[in-house]
Structures are given as structure tokens and as C-alpha cells.
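As they're listed, the protein sequences go chains A and B. The opening residue of the first sequence carries number 1 in my numbering; numbering runs sequentially from there. The opening residue of the second sequence carries number 1 in my numbering; numbering runs sequentially from there.
Hints are supplied without guarantee of correctness; some may be wrong.
Under 10 Å between C-beta atoms, here's a sample of chain A residues computed to sit facing chain B [to be verified]: (1) Cys59; (2) Gln61; (3) Arg127; (4) Thr283; (5) Leu300; (6) Phe366.
Lysine-lysine pairs mimicking DSS-like chemistry, simulated, CA-CA at most 30 Å apart [as the list claims (entries may be wrong)]: (7) B:Lys321 x A:Lys248; (8) B:Lys248 x A:Lys145; (9) A:Lys248 x B:Lys248; (10) A:Lys248 x A:Lys365; (11) B:Lys285 x A:Lys152; (12) A:Lys452 x B:Lys104; (13) A:Lys365 x A:Lys304; (14) A:Lys83 x A:Lys17; (15) B:Lys152 x A:Lys152; (16) A:Lys248 x B:Lys494; (17) B:Lys321 x A:Lys104; (18) A:Lys262 x B:Lys152; (19) B:Lys285 x A:Lys17; (20) B:Lys321 x B:Lys285.
Don't read these hints as lab results, they were simulated from the structure. Since this is a predicted model, take the numbers as computed values, not measurements. Every residue, glycine too, gets a C-beta built ideally from N, C-alpha and C.
Protein chains: 2
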Amino acid sequence: MLRTHNCGELRINDTGKEVVLCGWLQKSRDLGGMTFIDLRDRYGLTQLAFNMEADAGLCKQARSLGREYVLQVRGKVAERSNKNPKMPTGDIEIIVLEINILNKAQTPPFTIEEETDGGDELRMKYRYLDIRRDSVRRNLELRHKMALETRKYLHGQDFIEVETPVLIKSTPEGARDFVVPSRVHPGEFYALPQSPQTFKQLLMVGGMDRYFQIVKCFRDEDLRADRQPEFTQIDCEMSFVTRDDVLKTFEGLARHLFREVKGIEGIVFDRMSYHDAMRYYGTDKPDTRFGMQFVEINDLAANKGFRVFDNAELIAGICAKGCASYSRKQLNALTDWVQRPQIGAKGLVYVKCNEDGSFKSSVDKFFDQQQLGTWAEAFGAKPGDLLLILAGETHTTRRALGELRIEMGKRLNLRDPEKFACLWVTDFPLLEWDEETGRYYAMHHPFTSPVKEDVSMLETDPGKVRANAYDMVINGVEIGGGSIRIFDRPLQEKMFSVLGFTPEEARNQFGFLMNAFQYGAPPHGGVAFGFDRWCALFGGSETIRDYIAFPKNNAGRDVMIDSPSPIDSNQLKELHLRITGVKADKAGKQEQER
Amino acid sequence: MLRTHNCGELRINDTGKEVVLCGWLQKSRDLGGMTFIDLRDRYGLTQLAFNMEADAGLCKQARSLGREYVLQVRGKVAERSNKNPKMPTGDIEIIVLEINILNKAQTPPFTIEEETDGGDELRMKYRYLDIRRDSVRRNLELRHKMALETRKYLHGQDFIEVETPVLIKSTPEGARDFVVPSRVHPGEFYALPQSPQTFKQLLMVGGMDRYFQIVKCFRDEDLRADRQPEFTQIDCEMSFVTRDDVLKTFEGLARHLFREVKGIEGIVFDRMSYHDAMRYYGTDKPDTRFGMQFVEINDLAANKGFRVFDNAELIAGICAKGCASYSRKQLNALTDWVQRPQIGAKGLVYVKCNEDGSFKSSVDKFFDQQQLGTWAEAFGAKPGDLLLILAGETHTTRRALGELRIEMGKRLNLRDPEKFACLWVTDFPLLEWDEETGRYYAMHHPFTSPVKEDVSMLETDPGKVRANAYDMVINGVEIGGGSIRIFDRPLQEKMFSVLGFTPEEARNQFGFLMNAFQYGAPPHGGVAFGFDRWCALFGGSETIRDYIAFPKNNAGRDVMIDSPSPIDSNQLKELHLRITGVKADKAGKQEQER
């Protein structure tokens, strides 16, 4: 090694040792007689000291070194006169005897500090410099630890990690596949997996019993904020299990990670049906760190002459504790907020529960004090509380009220980042009807088993069939989801038929899986977790990009290596491909990007 | 769980317990009064017993069940009268009280036994059934354990696993990239990485200090036997290291894996220069489980009137212990063997060292007993030994003699599969001259650093420059390789120029890396191991496909899912691509494959 120690490990009892350190020049301070340099590596910072009187030449050399120079220094560990209790190495410094410049550095395009002056685009272009920043490095270390502990737990539970192929087959069902032209088989393509779903099911047919994989998956979607064309899943499958076996096993994983990575003990998981989640929180991924559940007041408020309520399918609201003091201005702002197109409510009804027991409401004209009192009672409101009520079509009202609930939770500081509320949402509908295409789509995927009691409804009332599916939700973030799978061919065929596949289409695309089911498929089920998302949750960020070493931007572009990019015409020729309908000139290309 | 125990865990002291097992019907034996079924899962086999007298109905039901049916049985653990000491569960059986058929099975297309009647193609098509076979399952378990122990060791050495992107940028240098058309950026392509080389170097520039990743890599090669278009590497990189630091660290990894996976202690690594490997073994990956090193006898054998030797650049041979008794027929067969086009020797000269001290040789006409005696002495041959000598151009002669050495090692049982000879081959040439294209190619890759003392020769005599590179070789198999990297821009630019890149080409393809070098790149080096190959070596197989859950065949095709395959014309349209010059008809496609 070019060093005897790293920059994070020397302590007061190393005093007197001659050491060699390597690292980057973080900061240099010239105090006339003395010059100090902070030397940085992955492990920490160590102060280097140069004394003008002791060695003027060396001290001058030290002063000539720029930020981010790569140095090797030999010196003696000494106790500092001016200790820094905030640094683990703050009790010592190195009296340098020799400097060796391993590499020079141009001035970096942004400061390598926690509070950097670099914008997002610039830091992504120079991601290798961005990674030098403490927070980015810590995020990658967290990710490493998450993966390590995930593997440790699952191995302990008899899971075997099996690598499934990356070059697979394109299937028109579901979201968009990336395809890979084959040079050896002209005109034919591989596809990159959106998940290893069918392969993990085949492993169960193959008797592997318990499988997992931390694996890259790919989706060629029109990119939304915080989606990546490649992302990582913790993918798992088990045989001979019921739903509750799966839930218990992966509650165990979550508890293990909370304990080992976050140092948090005693995590418990609630369970909630999809129906209740929608009814009480207006979303299938409720943030249950706080209550503020929906209260429906159709029976108290409809048909009293207020047209908006009388015409509404649903009248529901939330109770914001202690917010009766909201000013007119604040209430107007909140009304504007729910009327934004992203939320889409038509208006907002409020009821202030005054400290004196009276009520003040935006619908005083239509409802008297006694009536408003029955509402307050239904909400369990106390003097000082504020009721916020929306009305309209059930689904959209719930969705809007769910957004309002989250917003109020934010304003009331109920979304404590140090608190974790964990939840399984269960009993999802198996199918979703799509008006546009006039057909059902699988809410999870076509391999999800219906709840046993509902199977017969597949023929008569497919929309009512519940799936044996579950999502893990933490603090309102969907961390993962899965299901018990269909494992017999006739049911799988029926499922494809309900989804509008002809038998030929089903056979062409999933014949190998349905064949496999004929040779002794065991009952099985599993789950897949969004690993990037889970890292972000544990790291306290909402942005998965912060937990990916080399992320792509929102346009799916790697701005550091400039990819995707045009390829050589010879390469295209060898692939038997021609590009059509694209302006080849750079200007055209750039235009498309904006 | 649908079971209380698995099929591998019940023992004599579980006798009397009521248990529920799930698994596959491996074998059924009807002995009239009794019927026995072997129930199989990943963990083992358990015998189920049915007594006609005790429950005729149940016994008849048991007899009706076919191979590979998936069963759930409830029963009592009982001591067997006829114990089977070869099975861990061989002391007990289950007196079955109830059978529940979880899934039926068609008769599998081949027997799920170690000695299967299924050919390779058939087993690959039904790989999910092949995986049920003990040996395949054990191979995948070995792979899981290898990965787990690799991570454990490297984590203990402060390495951090970082995921690098799979969607990167195509670079014309090196072997062939798979490309991935972007739908969002029409006419542009990502490429799949042949290795994360540049990204791991950027992580070093980013100060990650020690990186590893077990990662899929991709190469669109014309496939040779036992190559896969996607394969897995253990990819590693370290900062502030010399060559010897890297070698020691990864000797440590190998020792850890030998100990934890193979139960073998005390593995030591030899080191050998490329020059010596070629000179004494005729290959850069010598199998050093046995000696039989080359002896060069130009000074003893040239210019004595035997034209073949007189015209040869090299006269060299090996000494096969105890083979003087080879018959004329055996020697002729050996001569035929070396003359096969794959080996390509012109002929084979032998010298038998007879027990009486005399010599019998195929070149008796040209060399007398005294002369042959000096040869025998040079080889250290004893009475009873056989010298096998080839002559010709140095490189081809060495290569052929290397093959002959391996063949003789095989015939003499010197390649003990239970013995492991580990080796670092070092000091490779940096560059290889290619006659056809009239340019140098990097022997490892263009980021490999020259040995310091040789840098100046890059200008004057590039072919002589040694690389600071190393390969790990175990039993003649190249398990991995790496190098100390170039880490300053001017040297990297010179390297690209020697490789025939114009400055523009170098900048276009690797500008981001050379830029990175300007912002404080640390000295660094690393290594990458062929994970599939290492698993095969430890598993005792020469075929990496046996260690891949869903491998592709030698034509790069997954015969189970039938991939690659044509894609939808709409999908092509969306990608702005058109296929050119390919017969679309199936017949044409099939033809290309053969």
C-alpha cells in the first residue's frame, strides 16, 4: 500500500508514530508561520501541519498545492494544541516530513463540500467528483450495507440467490421493453427484463423452494420525475406458502434492516385492505405516521339543501387538530391549493370548532349550529379543531382528500422523518378496467392469483375479483409488492383470456410458463422490493437518484458519458438495421430532447 | 407454510411426531401389501409409507400418483425397519394419514435423476425440470455460496459494492457491444457493458477507495464452445496500491473461498512471468499441478545434420516419466495427435530412455547414443522415461508442445481434480501486433499501465513494453486478470495514440475518463474474475453452462423461452428502426442458425 493508515483512523494514542497517508487536499489554511492542510479520503479527514521555521521549503511546497491534488505524505503523528472535537481525528495532526504529489488537479467545476455550489446538471456531468462529497459517499455506503444485510437475512432464511438472464424475450404485455438486436441472428431481438417474474416462477417449478436476487430491471418508459430506465429490485419467491407466510418472512426482512441499518428496534406491521386504505386515506399507499382518517358524512350533510353536497356521491373530510385559528387568508390559500389541477377538487368546505363550543363554517348558510355539531361529533373534533370537507365523485374526491391529508400532515409536522409506520396493504382488485382500450388490465401482473373465494367471479364479474396480492408501504411510500401466484395452467389460461389474449397470443408469449405448470408446479408466491426506493427511504431522501452511483437524468440520459448516442453505420449494418424517420443532424437531435 | 418440515430434516428422534411435508413424487414402489413413495424437495428425500391393510383407500390413491406430482402429506414419523444409511432421512419414514394433490404432472420428457435419459437440447428446453436434478441444484447452491463468501471477504477488506450502469455507451474498441435502441431518443443507442472498467476507474477518481461488484457483462461475440453472451464477473478496484497489494488481497479472496467453499486450507500462490510461462509451458495459463516443463535443446541438437532441427528456430521437448515402454502404435498415435490441425506440429521426435541405459529414438539416424545421452541429461530423464520433442518456429512450437504437455498430463493422471495449483502470471506484454490490420492492440485493455521502467520504450519499441498486468491461473484455467491502471492523462493519451486512435477518436470515446484524470485521479489497480468459470472450477466441471440457471446455447439462443426472436413491427416503428437484408421467412431464419 502507498499508505500505512487511512485518513480516518489516527487517534491520540498514535502520537509519535511515523505514518504515510494518501488522499485529496480538501482545504489549505495559511497562517503565516504555519500552514495546515486537511487531507481527505473515504475514511475521513486528517490535518497536516507545516511549520515555516522547521522546514521553509516544505512549507512553501505545501502552500503551492491546489484543491483536490492527490498527495502522499510521510510524517509524525502529534497531539494538536487546538483540538477539534467534531472530527474523529481531531485530537491529532501530522507533522509532515515529506510530500509526494501523486497527481495534480485542475480546479474542480464545483466545490467538493456538503454545501456545494454545483447545480444538479453540473454535478451529474462530473459525477465522479460529486461522489467525493460526504453525503453522496454515505448514500452509496448505505446502499452497500442494505444489500449486504438483505443477503445476510435471506440466506439465513434458506433463500438462494440465483442469477436470472438479462437477455430475455420481448413480451407486448405490460409496460415497455428495451430490446437488443442480435447480430448473430439478424432480424431477431432479445429484450431486457422489466422483472425476473417468469424466471423466478420457473425456479419454483424447478424446486428451488426459496429464491432471491438483487437484480437490475429495465423499463423504457416516458420518464417521469424520479424514474430511472434501469432500477434495482430485491426479487424473492417462495414455494409451499400462504400469503401470511410471505408477509411474515418479509416483515422479518424489514425488521432486520431497520435494526442493522437504522438501529431501530420494535418495528411492527399493520395490515389494511385496499378498500379501507382508499376509504380512510384515499390512496393505496397511506402514510400512517399520523391519523387524520377520512370521515364520511353523507348521511349528516346530504339532502339539506346545499346543492354541492346534494349532488355529491361522497361527502368526506378530515379533522385538522388545533387549526380552528386558521385565518381567512390561510383558508383561502388552502382552497386554492385543493383547486390546483394536480389535486382537482372543485372547492373546500371548512368548519371551525371554536374554543367556545360554537362553529364557524363556509356553509353556515345551509347548516345550523346543531347540524354542524353532529358533524364535529362524527369527526371526534374538539374545540380548536378544523374540519376540511370535500365532496363529489367518490374516487376523485378520495384522491383529492388524500392529497389534502398529506399536505395538512406536512403543515402540522406529523410526517416525522425519524418515525417509521409500516403497513401491508392487501386484497387489491385483481383487474382494472381501462375505458380507453375497453379491456381489463392486471392491477399487479397476469400471474397474480385471485383470492380463492373469488375465483368463480372471474367469469361473472371480473372487476369484483380480489387479488391475493399485497404491497409493503412505509411512511406512504410503496417499498414493494407481490402476490401468491397462479400455479395451474387452466386458471392461468382463463386469466389471459380475461385480459383479452387469444389462446395463440397467450401461448406465443407465455407458452413456456404454462407448459411448465403442467409438470408439477408447486403453490408459490413472492414479492419484489424497489431497492433504490428503500435506500432513499432509509437515507431520508425522496430522490432515488441520490442512491445510484451513476444515475440517468429525467430524460433517461447519462450526461457524464453522453449516452444514449448515435452508433457507427457499420455497426448498424452488421445488425441489419436502418434508422428511419429521424433527422440525423445534431440540431434535430437536440430539439427532440427538450 | 403448507408444511411443518422439509423433506431433508426428519431424523430418528422425530419418531412419533405428526408432520406435514410437501414435495415432488420422485419414485413410487408398489410391494403388494405396502406402497412406498420417495418425496423430494430441495432439502432431500423422505420415504412415505402406505399400508394396504391399514388404509386400502389411501394406499390405492398413493398408487395412482404419477412421477413429479406435487403432494402435501400429513402423517406420523416412524422408525424404518429397513434403514437406508445412504440417506440422511434413511432411518425414518412417514406413515401417511392423508394425501393432498397440490398439482398433477404430465410425464416429464426426461427422468429427473442424476443419470438422466435427457439429451442436452431437451434438458435446456425444459430447464425448469433439469433444475430439479440434484447435480444442477447443487451447482446453483455452490454458486450462491461462492457469491456470498466473496461478498463476505471483500466487505471485511473494506470494499464497497457499487452498482454501475447496464445501459452505457458503445465504444468501437475491443470486442463487440450489444446495443439497445432508445425509444425516447430516436436514432440513439445505449450499449451493454463488456465490463464496468471505466466506471470502476471513475469510482476510484471519486474516492471510493475500494470497490467491488458481482456483475453481469455482455459480449456479442461469434460464439465459441462454452462462451455465453452474458456472463458474470467479480469486478474489483483499489486505490493507492501497488501490484503486490492487489495480488495479496485477491490471494486472500481465493484462500477464503478455498477454505469456506471447498474446505481446503493452506493454498499458496506461485508467481511466474509471462516469459517463463511461455518458455516452460507454452501457454500464459499453465497447469502447474504437474511439472513436465519444456527443455530447449537447440545447442545440443541443432546443426548436427538433421534438417528439421537445423532449420528450426526452437527445438524443445518434454520428459514423460515412465513412458519408455510406449509401443510403436502408441507413438504413432501420439504423432498423429500432434499433427492434427488444432495442434499443428509437423512431426514428433521421441527418445526412449531404456532401462538398460541405452536410447531408442526416431532420429537414431542423425544422433548417436552419446548425443542422445546429453539430451536425456538436459531433460533430467531417468531410465524408463520418454522424451517427446517438437521443432519449428518458436511461438507455434511452444503452443503445440504446451498442448502435448497437457495431453500427456491427462494420460498420466497428473491433472488430479482434487488438487489445486494456483498461480499469478505477471509481466505480460502491453501490446500485441496484429499483422492483418497493421496496428498494435492492447493485450489486456487500453487502461493498463506499462511497467514503470518500460514507459520510455512506448515511443521507441512499443512491442517490448511490459504491462503492469497479472492473471490468476488455477489448474491451467484463467480465473481472472487485472492490472495497475494508467491514471494520468498524458500517458493515457499516448497509449491511445500507440493504439492508433486519433486524438479526436480518443476524446469522443473516452473523453470523460481522460477528463476525470485531470481532477485528481489516485493511483489505482484492480482485477476481474470470471465468476461462472470460478464456480465451474470449484464444482469440478469444465462447462460454465452447468453453473448458470438459464444458460444460452452455443448459438446464443435460449431454447426454453425461444429468444432472440422477431419483434412486433409496431415496436420497430416506435424505435425508428427497419430491418434490412434479412429473409423474414422462418425457413431462412432457421437456415442461418445452422
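**Item:** Violating hint indices (sorted, rising)
**Value:** Numbers 1, 2, 4, 5, 6, 7, 9, 10, 11, 16, 17 and 19 - these are the hints that the structure violates, sorted from lowest upward.
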